[in-house]
Amino acid sequence: MQKIKSLMTRQGLKSPQENIHDLSPLENFRIPSKEELRELREQPTDPQAQQEIINSIEEVYFSNDSFDIVKYELEKFPPVLSLQELEEYRDKLKQQQAAVSKKVADLILEKQPAYVKELERVTSLQTGLQLAAVICTNGRRHLNSAKEGFTQASLGLLANQRKRQLLVGLLKSLRTIKTLQQTDVRLSEMLEEEDYPGAIQLCLECQKAASTFKHYSCISELNSKLQDTLEQIEEQLDVALSKICKNFDINHYTKVQQAYRLLGKTQTAMDQLHMHFTQAIHNTVFQVVLGYVELCAGNTDTKFQKLQYKDLCTHITSDSYIPCLADLCKALWEVMLSYYRTMEWHEKYDRDGSASSSDGSSVMGAEESNFDRSYVKKKLEHGLSRIWQDVQLKVKTYLLGTDMSNFKYDDFIFVLDISSRLMQVGEEFCGSKSEVLQESIRKQSVNYFKNYHRTRLEELRMFLENETWELCPVKSSFSILQLHEFKFMAQSRSPSVSPSKQPASEIETTITLFEQYCNGGNPFEIQANNKDDETEDVLASNGYESDEQEKSAYQEYDSDSDVPEELKRDYVDEQTGDAPVKSISRETLRSKKRSDYCLSKVNAPILTNTTLNVIRLVGKYMQMMNILKPIAFDVIHFMSQLFDYYLYAIYTFFGRNDTFESTGLGLSSSRLRTTLNRIQESLIDLEVSSDATGTLTAAEERKEKVPSPHLSHLVILTSGSTLYGLAERVVATESLVFLAEQFEFLQPHLDAVMPPAKKPFLQQFYSQTVSTANELRKPIYWIVAAKAIDYEQMLLLMANVKWDVKEIMSQHNIYVDSLLKEFEQFNRKLNEVSKRVRIPLPVSNILWEHCIRLANRTIVEGYANVKKCSNEGRALMQLDFQQFLMKLEKLTDIRPIPDKEFVETYIKAYYLTENDMERWIKEHREYSTKQLTNLVNVCLGSHINKKARQKLLAAIDDIDRPKR
38 MQKIKSLMTR QGLKSPQENI HDLSPLENFR IPSKEELREL REQPTDPQAQ
88 QEIINSIEEV YFSNDSFDIV KYELEKFPPV LSLQELEEYR DKLKQQQAAV
138 SKKVADLILE KQPAYVKELE RVTSLQTGLQ LAAVICTNGR RHLNSAKEGF
188 TQASLGLLAN QRKRQLLVGL LKSLRTIKTL QQTDVRLSEM LEEEDYPGAI
238 QLCLECQKAA STFKHYSCIS ELNSKLQDTL EQIEEQLDVA LSKICKNFDI
288 NHYTKVQQAY RLLGKTQTAM DQLHMHFTQA IHNTVFQVVL GYVELCAGNT
338 DTKFQKLQYK DLCTHITSDS YIPCLADLCK ALWEVMLSYY RTMEWHEKYD
388 RDGSASSSDG SSVMGAEESN FDRSYVKKKL EHGLSRIWQD VQLKVKTYLL
438 GTDMSNFKYD DFIFVLDISS RLMQVGEEFC GSKSEVLQES IRKQSVNYFK
488 NYHRTRLEEL RMFLENETWE LCPVKSSFSI LQLHEFKFMA QSRSPSVSPS
538 KQPASEIETT ITLFEQYCNG GNPFEIQANN KDDETEDVLA SNGYESDEQE
588 KSAYQEYDSD SDVPEELKRD YVDEQTGDAP VKSISRETLR SKKRSDYCLS
638 KVNAPILTNT TLNVIRLVGK YMQMMNILKP IAFDVIHFMS QLFDYYLYAI
688 YTFFGRNDTF ESTGLGLSSS RLRTTLNRIQ ESLIDLEVSS DATGTLTAAE
738 ERKEKVPSPH LSHLVILTSG STLYGLAERV VATESLVFLA EQFEFLQPHL
788 DAVMPPAKKP FLQQFYSQTV STANELRKPI YWIVAAKAID YEQMLLLMAN
838 VKWDVKEIMS QHNIYVDSLL KEFEQFNRKL NEVSKRVRIP LPVSNILWEH
888 CIRLANRTIV EGYANVKKCS NEGRALMQLD FQQFLMKLEK LTDIRPIPDK
938 EFVETYIKAY YLTENDMERW IKEHREYSTK QLTNLVNVCL GSHINKKARQ
988 KLLAAIDDID RPKR
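In the numbering used here, the protein residues as written are 38 to 1001.
Do not rely on the hints blindly, as some may be mistaken.
[Stated by the list, open to error] Heads up, simulated PhoX-like pairs for lysine-lysine below, C-alpha to C-alpha not over 20 angstroms straight-line:
#, residue 1, residue 2
1, 367, 283
2, 433, 385
3, 139, 108
4, 858, 927
I should point out that these hints are in silico values taken from the structure, not numbers from a laboratory.
On a predicted model such as this, the values are computed, not experimentally measured, just so you know.
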């Protein structure tokens, strides 16, 4: 490679940059002349072929000028050179050179017309410039002639005119200065008239004029005086702004806002306004509370004025607490109403201002005005929560400053009512849930309610211990909504109140308190209670709807003609307690007489004075809960304790009897037993005397409990003539059932206010406690049924019967007649009791069911005492039992007869074979071990041998072993 380069140098070849057409050191190429180019162009060539040749040129040839073409071509040579290949490659390069040259020539010829055209334009431009130079020379010459001929002659005239204008301006300035000297008096007059916008407008104009003539020495003193006047106007304007906080006046506020707008201090005015509102709240509450404290103190001692507001609230007495709270809320209402009306004014101004600005003011002024309006709107919206927070804190301090635990119920309800109304104001004012106020009310309410509830429980115990369980006569149409304590439910939107009964409620809810009292009045005005609304008419005359019913109530039941027509058609359904739509036939009415023992068919609720007091107490609790929903759970919990204690008292008085608890008849369900145990553990104080050494926790727990009540000594439950206090038992038990029904009626209301997290408690209370009221009937009436009939006498009579007879008897035994006489006597006593108290059909059915069940089990027990018995004796047992059933079915309408199969199955078991009896013993575990053993022993010798006897006794023992 170096040898070839040196050879090129010796031959004097040019560098590639100087001659790019030199393609080889062996042959020099020359640039084609114009004739040659023309020949090349004229040569017929294929454009596509030419383009392909150009495209075949390597891209490296089109790179920058520093590229060494010769070096590039030499480096491409192979190690062994071939002349033929070199010549072919050279021809190829020549073809590429020719193609490029032809392409360049074509492009030059193509652009030649444009070159000629541009050259002509340059020549034309040169000619135009020469003409312009001649015109400028002529113009300058003419201007020089005009200056010499006209300008100098007119200067004198112009100077005189200017002097005249200066003198006119001086005269105007002197007149303005004279006017400025006289504005001080006018400004004072405008301030007295409270024309703040006019005063500021005048003052600003004077300042503007004074700044214009500040070069005069007499103006400097006036300028400083105007500045002092403007500051004085701003001070008076701030005082005028503060008056808005307590008594908003549209005209007054409009003047103040216009004045601030003229000063360009709209935002400053809004900041000042919020400061004034905060100060107004503090001053208002302090003055109200201070006035009551000084009034109660009875002297003019100034020490109270130096106290903090929090300390001042502790000096409020119980008598002045409610009036002071009402005045406090009224004063705060005035402040919030002023703020509300201030916002209304700005909303209206924003609408009017935006409409007027779109008509024609400048863009800059409109943007500034929009910015001010946006700032004012945000400031007012943010101020809502701040104002309400200040109100909450002031009222909270007042509420917590006095211990309300000893307040009367009506007074405390009034406090809650005012607080609830204030929270409603807060919600309408800024959408706040008033957490601060709610928490303070909740603390006071829980504290008050615990003491109140404790006192009410003690009162309930006293009522229960003095209750003689006499019927409280009420009308058949009695409803708890007729009681004054439940009047609030008729006004509330509750599930139990028909919307048609309160058409005005929807209208009232659409009007806010601010809209209602915007033009006058106050939502916290203390209004006298309407005594007419508190009157109640729920008691019936002597327990009857009318004298005619009272007269007919004591007529003989068998005299069907004496029954009034209204009683025949208004018969109450035994399941629902409602009057059926269709009338009841005379036969149906006659058949029901033996089962439903009642004075009349009016079906008035059975309740006592104590029941009515509990219902009234529940109404008071719900009234408090309705006003203050945050303590809903505590109130409902205390309401449940009222029901728990009433239920426990009824059970303790009339249902607790250990002798009959072990009968195994399932008188008390597991749910009822669990409920009673829970009440006893959580509510009943079983300790006789307090233990001074006990822990503080134990003392607190005992404080929450109530001693177990004791039945009044006036209530006699041991007399057989009154069926062991059946009338009192019916009144007590059915009053509990009635109370449970009222709680069921109130469940939707309680569920609506119960917090979601606490709803399981309410559901459990209803499912585990309220629903068990009906279940108390069984153990309570069981005691009457167990004593009303002499079952022991029947066992003695059965023991004297000879059962191993040899012939079939056609006459039943005397113990059957004796038992039936007992039932007839029971029926007569039941009729006697029904003259005092209506005995509902479910109660009479339970009584008859208990008596029949006990009689049948006594019959089985009597049969189990038999030592010897023949097949004929077993037939006699069946005859006796069938006779008993036949006579019994005439006394009662209960079908089927309870425990009928219990007796019949036992009698028929005598005829079973060994294997069948063993299977029967295993399947019938309702019989006692004694009854099963006796059955096996009696069968011995007749159709069971001793071996089978031992086997059956072993089976009985296996059954009895788990019980032991």
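* Asked: So which of the earlier hints does this model not fit?
  -> Numbers 2 and 3, in rising order.
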